[in-house]
Structures are given as C-alpha cells and as structure tokens.
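*Asks:* Chain by chain, the residues run as shown.
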Amino acid sequence: MKIITLTTDFGSENWFVGTMKGVIAKIAPQARVIDLNHGVSHFDVAEAAFSLVSSYNYFPHDTIHVVVVDPGVGTARRPVIACGDRFCFIAPDNGVLSFVAGREKHMRWFHADRPEYFLPHLSDTFHGRDIFAPLAAHLARGTDPVKMGSLITDPAMLEGAEFEETRSVSGAIKGRIMYIDCFGNLITNISSSAVDNRIEVEVSPLRPTVAGILPSYDSVPVGEAVVVCGSSGFLEVAVNQGSAQKEFNCKKGDEIFVYVTASKKG
Amino acid sequence: MKIITLTTDFGSENWFVGTMKGVIAKIAPQARVIDLNHGVSHFDVAEAAFSLVSSYNYFPHDTIHVVVVDPGVGTARRPVIACGDRFCFIAPDNGVLSFVAGREKHMRWFHADRPEYFLPHLSDTFHGRDIFAPLAAHLARGTDPVKMGSLITDPAMLEGAEFEETRSVSGAIKGRIMYIDCFGNLITNISSSAVDNRIEVEVSPLRPTVAGILPSYDSVPVGEAVVVCGSSGFLEVAVNQGSAQKEFNCKKGDEIFVYVTASKKG
Amino acid sequence: MKIITLTTDFGSENWFVGTMKGVIAKIAPQARVIDLNHGVSHFDVAEAAFSLVSSYNYFPHDTIHVVVVDPGVGTARRPVIACGDRFCFIAPDNGVLSFVAGREKHMRWFHADRPEYFLPHLSDTFHGRDIFAPLAAHLARGTDPVKMGSLITDPAMLEGAEFEETRSVSGAIKGRIMYIDCFGNLITNISSSAVDNRIEVEVSPLRPTVAGILPSYDSVPVGEAVVVCGSSGFLEVAVNQGSAQKEFNCKKGDEIFVYVTASKKG
Chain Z
1 MKIITLTTDF
11 GSENWFVGTM
21 KGVIAKIAPQ
31 ARVIDLNHGV
41 SHFDVAEAAF
51 SLVSSYNYFP
61 HDTIHVVVVD
71 PGVGTARRPV
81 IACGDRFCFI
91 APDNGVLSFV
101 AGREKHMRWF
111 HADRPEYFLP
121 HLSDTFHGRD
131 IFAPLAAHLA
141 RGTDPVKMGS
151 LITDPAMLEG
161 AEFEETRSVS
171 GAIKGRIMYI
181 DCFGNLITNI
191 SSSAVDNRIE
201 VEVSPLRPTV
211 AGILPSYDSV
221 PVGEAVVVCG
231 SSGFLEVAVN
241 QGSAQKEFNC
251 KKGDEIFVYV
261 TASKKG
Chain B
1 MKIITLTTDF
11 GSENWFVGTM
21 KGVIAKIAPQ
31 ARVIDLNHGV
41 SHFDVAEAAF
51 SLVSSYNYFP
61 HDTIHVVVVD
71 PGVGTARRPV
81 IACGDRFCFI
91 APDNGVLSFV
101 AGREKHMRWF
111 HADRPEYFLP
121 HLSDTFHGRD
131 IFAPLAAHLA
141 RGTDPVKMGS
151 LITDPAMLEG
161 AEFEETRSVS
171 GAIKGRIMYI
181 DCFGNLITNI
191 SSSAVDNRIE
201 VEVSPLRPTV
211 AGILPSYDSV
221 PVGEAVVVCG
231 SSGFLEVAVN
241 QGSAQKEFNC
251 KKGDEIFVYV
261 TASKKG
Chain A
1 MKIITLTTDF
11 GSENWFVGTM
21 KGVIAKIAPQ
31 ARVIDLNHGV
41 SHFDVAEAAF
51 SLVSSYNYFP
61 HDTIHVVVVD
71 PGVGTARRPV
81 IACGDRFCFI
91 APDNGVLSFV
101 AGREKHMRWF
111 HADRPEYFLP
121 HLSDTFHGRD
131 IFAPLAAHLA
141 RGTDPVKMGS
151 LITDPAMLEG
161 AEFEETRSVS
171 GAIKGRIMYI
181 DCFGNLITNI
191 SSSAVDNRIE
201 VEVSPLRPTV
211 AGILPSYDSV
221 PVGEAVVVCG
231 SSGFLEVAVN
241 QGSAQKEFNC
251 KKGDEIFVYV
261 TASKKG
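Protein chains in written order, with the numbering used here: chain Z, 1 to 266; chain B, 1 to 266; chain A, 1 to 266.
The hints are simulated quantities; they were obtained by calculation from the structure and are not laboratory data. Hints may be right or wrong, so weigh each one.
Since the list gives no way to pick one copy over another, a pair counts as held whenever it fits inside one copy or between any two copies.
[As the list claims (entries may be wrong)] As a list, the in silico BS3-like pairs of lysine-lysine whose alpha-carbon atoms are at most 25 Å apart:
hint, residue 1, residue 2
1, K26, K105
2, K252, K174
3, K26, K2
With the sequences and hints as input, model every part of the structure.
*Replies:* Right, dumping it as structure tokens:
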C-alpha cells in the first residue's frame with residue numbers, strides 16, 4: 001500500500017494532524033502515513049514549497065505528498081491533485097507546489113471538485129481533515145485521479161520575491177535566505193552547482209564576511225562561520241556548533257550576495 | 001489489528017512517548033499507534049478532555065484512545081478502561097473522559113486493577129509507560145476488558161467551571177474559551193448549532209467587538225477579526241491570517257458572551 | 001520486520017526526520033520506524049546518551065536504535081554499528097553509545113565504512129539522511145553487520161564531567177542533574193538503588209532543602225518539592241504539579257549532593 005506524507009503548518013501541539021491520520025485510516029486502512037514537516041511557519045506557502053522540494057525526492061516512487069499550508073481555507077481556492085511520473089501531490093491551489101512542478105515531468109493537474117471524495121460534512125476551517133486527508137486516502141486506495149477531479153492547465157504558481165530566481169549582479173550571484181533551520185543555519189536559494197568552480201566567495205551583507213565554500217561545518221573552529229554546500233543542494237551559511245542566525249542577526253527573506261573572488265583555475 | 005491513539009501532556013521533546021510505543025510494540029506487535037496530541041498543557045485535564053472530544057470520532061470504530069494527562073500519577077487514583085459501542089478509552093480516572101462519556105452510548109467502565117496487565121515493575125512516576133501503554137496493548141490484542149478490571153459505576157467527571165455548560169444570560173449565551181490553537185484562534189464551548197438562526201452576534205468582552213458569524217476566516221480582510229463555526233462544532237473567534245489571542249489579549253478559561261442582535265427571520 | 005527507533009537533535013519543526021523515514025522506506029519498506037526522541041538539545045551528546053539509556057530497553061529485542069546527535073557531521077569521525085545480544089545501535093562514533101555500552105552484553109563494534117550501504121550521493125551536512133538512515137534500513141533488511149563495516153575495538157566513550165560516576169563525598173553522594181524534563185523535573189545520575197536504605201535525604205545545594213524520598217509526586221502538597229525514585233531508575237527532584245527547575249533555578253549539569261541523615265534501620 002502507498003505512503004502518504006503530510007506537510008502542514010499545524011505544529012505538533014494539537015489534535016489537527018492526528019485527526020487527519022484518523023480520517024486516512026478510516027478510508028485507507030493500509031496506507032502508511034509519514035509526517036514530513038508540521039513546523040512550517042503559519043501561512044508561509046513559500047516555506048512549505050521549499051520544504052517539500054528539499055525532501056520529496058527521497059521517498060519511494062508512488063508516494064503521495066500532501067501539503068496543507070492554506071491561508072485561504074474556506075474560500076473558493078481549489079484543492080488540486082498533481083500527478084507526475086513518480087509522485088502525486090495534493091494541496092490547496094496556492095502555489096505551494098511551484099518548486100516541485102519545476103522538477104517533475106509529465107505533471108497532470110486536477111481540480112478536485114468531486115464532493116464524494118471529501119468527508120460528508122465539510123467544515124469551513126479544517127480542510128486538511130475534511131478534504132485533503134480524504135483525497136489522499138482515496139488516491140492511496142488506487143482511485144484514478146481522473147475520477148476525482150477536472151483536468152486543469154492553470155495551477156497557481158508563486159511569483160515575485162518569493163520565487164525569485166537567483167541572478168547575476170555585477171559579478172555576484174544574488175539570492176535569498178529561504179529557510180533558517182533549527183540549528184540557525186541559513187539555507188539560501190543559490191544552487192551549490194552554480195558556484196562549483198568558484199573556490200572563494202564572500203557572502204554579503206553578512207558582517208563579518210564569510211570566505212570560501214568548505215566541505216563541512218567544522219572545517220572552521222567552533223564558533224566560526226562557514227559556507228557549505230547544503231544537503232538540499234543549496235548554499236548554506238553556518239556557524240560551527242553555533243547559530244548563524246544569531247551571529248548575523250538575519251531573517252528569512254534577507255538578500256544574500258555571493259562574490260566570486262577567485263576561480264578554481266584562475 | 002487495532003489502532004491505538006495517544007493523547008498526553010508529555011510534549012515531543014523527550015523519550016516519554018517513544019518509550020510508550022516500545023512497550024506497546026513488545027506486547028502487541030501488530031497494533032498501530034497514532035499520535036493524537038502530545039501538546040496538552042501540563043496537568044490540564046479539561047483541555048485534554050476537549051482535545052479528545054474534538055477528534056476521537058474521526059477514527060475507525062474499535063480504535064482504542066489512550067489519554068495520559070495525569071496530575072495524580074503515583075497516587076491511588078484508578079486507571080480506567082471505558083468501552084462503548086464504537087470506541088474504547090483508557091485513562092486515569094480524573095474526569096478526562098467526561099466529554100466523550102456524554103456522547104458515547106452504552107459505556108461500560110472498568111477499574112483496571114489486575115497487575116498482570118501492567119509492566120512487571122511499576123515506577124511511581126511514569127504510569128503512561130508502566131500501566132496505560134500495557135493496558136492499551138492487551139486490549140488491542142483482543143483481551144476482554146472484563147478480565148482486565150472490575151466493573152465500576154462511579155467514574156470521575158469534571159465539574160464546575162471546567163465543565164460548565166453554556167448558559168443563556170439575559171439574551172446572551174455565556175460560554176468560555178476552551179482552547180487556543182497554534183494559530184491563536186479562540187475555540188469556545190458554545191455549540192455552533194446554538195446560534196444557527198442568529199445571523200448577527202457580538203462576542204464580548206472582546207474589544208473591539210466582533211460582529212457576525214461568517215463562513216470562513218477570510219470572509220474579512222487580512223488582519224481583521226471574525227467569528228466562524230469551528231471545525232469541532234463550536235464557535236471560534238479568529239483573525240484572518242493573524243492571531244486572535246494576541247489581538248484580544250485573552251487566555252484559556254476567559255468568559256465569552258454571544259449576543260443575538262438580529263435573527264435570520266427577524 | 002524489525003523496528004528502527006530514531007533519536008536526534010533535529011527537533012520536529014522541519015523536514016529532516018521525515019526525510020530519513022523516506023530513505024528508510026525506500027530501502028526497507030517493511031521496517032517500522034518509531035520516533036524515540038527528536039528533542040535532544042543541539043549537539044548534546046551526553047543528553048542523547050542519557051535519553052537512550054532511559055528508554056532503549058523497553059523495545060522488543062532486535063530493535064535497531066539509531067542516534068543522530070552529531071556535532072562532527074562531515075568530519076572523519078566514524079559511523080559505527082554496535083550489536084549486542086538484544087539490540088543493535090547505529091550512531092556517529094562520538095560517545096553517544098557510552099551508557100548503553102556499559103549495560104549491554106557481547107557488544108561487537110563496527111566502523112561502517114562500506115559506501116555501498118550509504119546513499120549514492122553523500123552531502124557533507126546531513127549524514128542522518130545519507131549514512132545513518134540507509135545503514136539502519138540495510139540492517140533491518142537482515143544484512144549482516146559484518147558485511148557493512150570493519151570490526152573495531154576502540155569506540156569513543158564519554159569521559160570527564162559528562163560521564164562522571166556518582167561518588168561518595170564525606171557521607172554524601174555527589175551526582176549531577178543529567179536532564180530536566182518538560183515538567184521541570186530534575187533527573188539526576190544518582191541511581192535509586194544507591195539510596196534504597198536511606199530514608200531521609202537532603203538534596204543540596206537546592207534551597208530550600210528537600211527531605212526524604214517519597215513514593216510519588218503528590219506525596220507532598222501541590223507546589224512543594226519532593227524527591228522520588230524516577231522512572232529511569234535515577235533520583236529525581238520534582239515539585240508537585242509545578243516545576244522544580246523554576247523553583248530551584250537550576251540547570252542541566254549542576255551538581256547535586258544527597259546526604260544520608262538517617263538509615264532505615266538506624
């Protein structure tokens with residue numbers, strides 16, 4: 001039976017996620033549910049999108065990834081099912097699937113508009129339980145997504161700063177802090193591959209500047225800053241056994257500049 | 001094999017819940033354990049009771065719901081097993097099952113007083129591991145609860161403010177804030193059905209007042225307050241994409257008054 | 001199929017633990033993963049060691065316990081597999097298995113140095129996903145640990161204050177606060193068995209002093225301090241329905257003295 005993962009901004013201090021699992025167990029008793037991340041910042045669609053793209057690919061093919069970060073719960077925003085060659089995704093149609101949409105092939109998108117695949121009684125405030133969990137369970141049972149909704153070609157995608165591509169700006173690569181993890185590491189949207197041949201970098205406007213991409217956190221002494229190729233494929237600014245967030249007093253969304261000060265073959 | 005849910009005030013920052021799962025896996029390897037809520041405020045029996053009643057009914061029949069919020073751990077308070085037509089419940093006999101007891105039919109109550117269904121060595125401080133987890137596991141294996149304890153007719157029930165019914169007070173319905181969720185939404189004990197035909201309400205003493213029950217959080221602009229029919233069947237005061245708790249500076253237990261200012265057919 | 005438990009300092013607010021479960025599900029679909037504790041203080045190897053020794057023994061034999069608290073991630077520190085008569089353990093070789101090593105018999109230690117049991121692409125910063133999860137999954141599938149690494153005889157062990165044994169100091173037993181749980185209970189490293197025949201004790205330097213080991217938290221009135229035999233087999237200082245941490249304003253690592261003021265037969 002299939003795996004269903006759950007990514008939400010519900011936290012782990014209440015009965016919301018547990019109740020979704022009850023609903024799934026009732027419809028698809030054999031489905032296996034894995035908590036992927038319930039610590040997304042409230043209503044932060046871009047953070048949820050980044051969390052998903054950093055993790056979804058490590059699951060077995062045919063996994064159903066459910067994301068419920070849904071500032072528009074109860075409005076007319078559509079619930080969508082997106083199925084590609086390897087995975088299916090279920091989420092509100094608010095752009096939270098933007099990053100995976102750019103990576104997965106042959107995605108077909110459906111507006112899940114058939115109430116027979118929801119719970120019989122819909123609340124206005126908890127569609128994770130009433131809509132998204134039942135959709136995932138029916139999909140896990142093998143229901144064809146074609147039966148569960150209408151094909152659409154205009155899924156919502158993130159735009160603007162939230163989804164900004166990194167850009168070259170007078171010799172520098174300009175990016176953003178996409179996520180700050182529980183260790184205080186600053187995870188950027190600058191692909192590690194973009195800097196493969198640049199052995200010296202400066203990350204600005206962080207002061208003091210951090211020079212060089214090094215192999216691991218403790219390539220520098222305890223308490224010092226370092227730039228590493230992070231585990232999700234993006235540059236990451238860290239402090240060895242410390243918190244880069246505290247050290248540099250920065251926050252999610254802040255701009256980051258990487259300057260090439262020397263190339264490998266320079 | 002049956003599902004066992006766990007509701008505790010243990011939090012998710014230690015080995016307590018994980019250890020209970022180890023105990024269950026040892027006795028009932030096929031049982032499936034689902035975390036329902038480990039974020040109940042410490043020792044808050046009424047909050048645990050409210051969490052349970054808001055969620056238990058979404059699970060498959062025959063689910064065993066275990067609640068370990070137990071200020072009296074190590075004292076003579078009884079461990080109880082309560083089995084109704086659809087679910088079984090296991091908890092300390094401190095009133096935490098009051099709300100579900102009012103909803104489930106044909107509940108038989110047992111004082112679980114047979115040490116052969118506990119762990120061989122009992123600590124004085126961790127009955128979740130030593131008593132409640134083993135009881136749940138034996139029940140999941142199919143042991144008849146009649147064998148596991150003595151029938152009782154006097155289970156403890158919550159009384160007073162904690163379990164106060166809503167009341168009509170000079171045209172208003174008086175209730176209480178039962179729970180504040182992670183979004184800062186204020187969940188009351190006023191049943192949504194009690195106000196079905198009252199299309200304009202004022203919630204007091206919240207200032208500024210909130211007028212009208214609306215279909216969803218974003219029936220009002222971002223940052224404004226709204227009253228909705230919450231997902232557990234109770235009125236809920238929210239701020240669209242904000243925190244009603246911060247906006248109104250209120251806390252769990254505070255009184256809430258709903259005034260009927262106009263009726264649907266008025 | 002076997003059980004794999006996970007103990008980490010990753011917290012529950014991100015996708016790190018979920019991703020490890022994806023990796024395990026891909027390699028060993030039948031393995032059952034149980035979260036043992038993800039709230040270990042960041043980089044705190046001694047706390048993780050204490051958490052593990054307090055819980056591992058409650059799981060079925062053949063359980064695979066994985067610990068990823070790894071300040072040296074990305075360095076040359078070895079990943080180790082340790083198999084005893086009853087359990088296997090997988091962890092970075094940093095002493096985190098010190099406490100269980102002292103209790104389990106016939107432990108064989110392996111340096112897991114065969115990359116074919118890792119993920120194909122190794123990051124420098126997330127060995128929980130790239131090394132430890134795959135090792136656990138292969139072990140759960142039944143791979144012989146002999147094939148997965150080279151036998152070693154010098155696993156790292158904690159030393160000094162972190163692993164200090166309790167000591168008799170002029171009539172007192174000197175120990176340390178090893179852990180403060182979510183209720184504010186102070187869990188020491190003084191074995192309950194060491195004080196079995198001492199019916200009156202003083203715990204110092206806590207002021208006011210706490211006298212006597214009592215059966216349960218509420219052997220004293222609400223709000224008062226009490227010493228109990230904790231559930232992990234160690235003395236524990238608590239405040240009935242309150243927080244000993246706040247009451248005594250102390251922190252992990254603080255020294256504790258237990259004075260024998262009268263013996264049972266004195």
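*Asks:* Compare the structure with each hint and give your call.
*Replies:* Going down the list of hints, with the structure as the test:
no.: 1; hint: K26 / K105; result: between (32 Å within a copy, 20 Å between copies)
no.: 2; hint: K252 / K174; result: within (15 Å within a copy, 43 Å between copies)
no.: 3; hint: K26 / K2; result: both (15 Å within a copy, 12 Å between copies)
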